[in-house]
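Here the structure of chain C is known, so what remains is to put chain D in place on it, guided by the hints.
There are 2 protein chains.
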Amino acid sequence: MKLAPERLRGLATALLEARDVPPTNALLQTDLLLEAELRGLPSHGLQRLPLILSRLDKGLADARSRGTGTWRRRSFLSVEGERGLGPVVMMHALQTMRPVLDETGIAIAAIRNANHIGMLAYYAEAAARNGVIGIVMSTSEALVHPFGGTQAMLGTNPVAIGIPSGDQPFMLDLATSVVSMGKINNHAMRGAPIPFGWAVDAEGRPTTDPQAAKAGAIAPFGGAKGYGLGLAIELLVAALAGSDLAPEVHGTLDAIHTANKGDLLILIDAAAGDGNVRSLATYLDYLRRSPPSDPASPVAVPGDGARKRRAATERSGIELPQPLLEHLLALEAA
Amino acid sequence: MKLAPERLRGLATALLEARDVPPTNALLQTDLLLEAELRGLPSHGLQRLPLILSRLDKGLADARSRGTGTWRRRSFLSVEGERGLGPVVMMHALQTMRPVLDETGIAIAAIRNANHIGMLAYYAEAAARNGVIGIVMSTSEALVHPFGGTQAMLGTNPVAIGIPSGDQPFMLDLATSVVSMGKINNHAMRGAPIPFGWAVDAEGRPTTDPQAAKAGAIAPFGGAKGYGLGLAIELLVAALAGSDLAPEVHGTLDAIHTANKGDLLILIDAAAGDGNVRSLATYLDYLRRSPPSDPASPVAVPGDGARKRRAATERSGIELPQPLLEHLLALEAA
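Just so you know, the sequences run in chain order C and D.
Position 293 (the first sequence) corresponds to 293 in the UniProt record's numbering; numbering is contiguous.
Position 220 (the second sequence) corresponds to 220 in the UniProt record's numbering; numbering is contiguous.
Chain C extracted, bound-state conformation (with noise of 0.2 Å):
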């Protein structure tokens, strides 16, 4: 059954209510999980509220922090996120930083000790519709092996990067590992193999087995490059927000620790810039109109594809597994 956006944002705000979240900070985690849920990432989407919920419920999550933000330097923000709710937190800490821009350009954020922040883009984009190159980076619990090691001892450290182009910004929102642990949950739930090169199991050798491969750890996307580019996120995080490092965090895939990871928030006013975005708008469509591999594969600039299905799925409703939905409105009635 599918269901109207609309109905399941009223659902979800509700939960969030009923647990003490202030409608604001309800309706902005909301509205971070539909996005997701629109775009077609659903391992970003409602399928985290039961455990969003329960961290509320045991207080590992905190319902009206925004975090508290010291302003180490005029361009640099340090934020103490206090268990806050990922969102809540990281939209805070845009909208304290954007008046700062008009003076310096750019600005940092770097935030400790904020639960999970979700699909990237969701910041990036916000910065850059506002004319603002947005910035995010963020780490996690250990996943992903070294190029040419067996052990998962880096987070899947995404990034995403908007950048102000036209009618539609440039977005570009990619984990540092070269699949998701939500897509190989989601193949072990099917019973369906891998595909090799995904992972490894648990004593280090390649799997096509998603069982095998969650008791292991994925592979970084391209090689050593793709590793090297992990690792750096790793490290810029730690080093600026004070984090732990990949093989001491928890809290972003659990409900029984704080989140202690951490995530980095860059902006840039592009209007400082030499730079024109209408070029940019223009570039980016003569990329789509060059000549693809597979004629019936057009060539796609980075955002397309997550812009096309929201539309698709703002007009069709949103499909939940009939599990995650029997569970939400179980908790709705109760």
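Among the hints, a few may not be true.
Same chains, same label: a pair holds when it works inside one copy or across any pair of copies.
To be verified - The calculated lysine to any residue pairs, modelled on SDA-like cross-linking and capped at a C-alpha distance of 20 Å, are:
(1) 183 with 60
(2) 183 with 258
(3) 214 with 192
(4) 183 with 224
(5) 183 with 198
(6) 2 with 130
(7) 308 with 148
(8) 58 with 291
(9) 308 with 326
(10) 308 with 147
(11) 308 with 50
(12) 308 with 224
(13) 183 with 102
(14) 2 with 209
(15) 2 with 54
Read the hints as simulated data drawn from the structure, not as lab findings.
Just chain D, lined up with the frame of chain C:
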């Protein structure tokens, strides 16, 4: 024949000074090229010197300019490179930005119309050795095809990240192409085939013929994700530096056009952050000691190989291709 680095340093600086390059600029340009040789990156080493000399002779490179920086905002330096030598303009920007960091914690320079900046790690490492995180990006001529595309429309768009971490900074330096055009040239010289997946020919067909690849396009690294990252760098640099996009870029590989690509330098004062550089070094050692997939190849951290090669080459001397050495010696005798 292997030559002592100091002999080559004297040779290169003399050739530059003979073209009115002031001694400090000549030393800097030479040091950049020698560092690439020492680290086993000859594509960014002295083989670039004849082109630099030609560009000086023709007025495409200015011997004296360090570029003119304008502070658009407190932390945003817009640099008109004025055809200056790449490393001269870059290091001048770095020194201009350094004092601002004490006040702001982060700063960015956006540079246009400077000559080729060579190995990006040089600048990121100069920052990191002084307690500053350095992030460098650069664009180039169109050499890389989009993921799912067949025509060269993006630069090789490298990024380097240097992070203070104990005795040795963490150093990442990667092009967003799967391989450099220098490596394809090298296969062509040796008449060796290139691996499938590196490149397509002028008609967009996958090829193992390096000559055909030179007329075609190189693949992005890491599939759609590496393409996305390279494209983000393409747009970031153009948006902020006001430089041209790849299809219009010239002047890093020829002695005909002015260099109209762009460069970005982001500096972040690590001391403004809440992390501990010693804990980063401990974590990196933990990675190096983790179980490798091949017992003969221990897990490495980006920068380890370059440091090892540098130490060996400093002892053994630098082996230049005979034609290049003869060409440089002939220029010296002229």
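Here's how the hints hold up against the structure:
no. : hint         : result
1   : 183 with 60  : neither (26 Å within a copy, 52 Å between copies)
2   : 183 with 258 : neither (25 Å within a copy, 48 Å between copies)
3   : 214 with 192 : within (13 Å within a copy, 41 Å between copies)
4   : 183 with 224 : between (22 Å within a copy, 17 Å between copies)
5   : 183 with 198 : within (10 Å within a copy, 28 Å between copies)
6   : 2 with 130   : neither (33 Å within a copy, 57 Å between copies)
7   : 308 with 148 : between (37 Å within a copy, 18 Å between copies)
8   : 58 with 291  : neither (54 Å within a copy, 37 Å between copies)
9   : 308 with 326 : neither (28 Å within a copy, 58 Å between copies)
10  : 308 with 147 : between (34 Å within a copy, 18 Å between copies)
11  : 308 with 50  : neither (28 Å within a copy, 50 Å between copies)
12  : 308 with 224 : between (32 Å within a copy, 17 Å between copies)
13  : 183 with 102 : neither (41 Å within a copy, 44 Å between copies)
14  : 2 with 209   : neither (31 Å within a copy, 52 Å between copies)
15  : 2 with 54    : neither (25 Å within a copy, 67 Å between copies)
Of the numbered hints listed earlier, those contradicted by the structure are 1, 2, 6, 8, 9, 11, 13, 14, 15.
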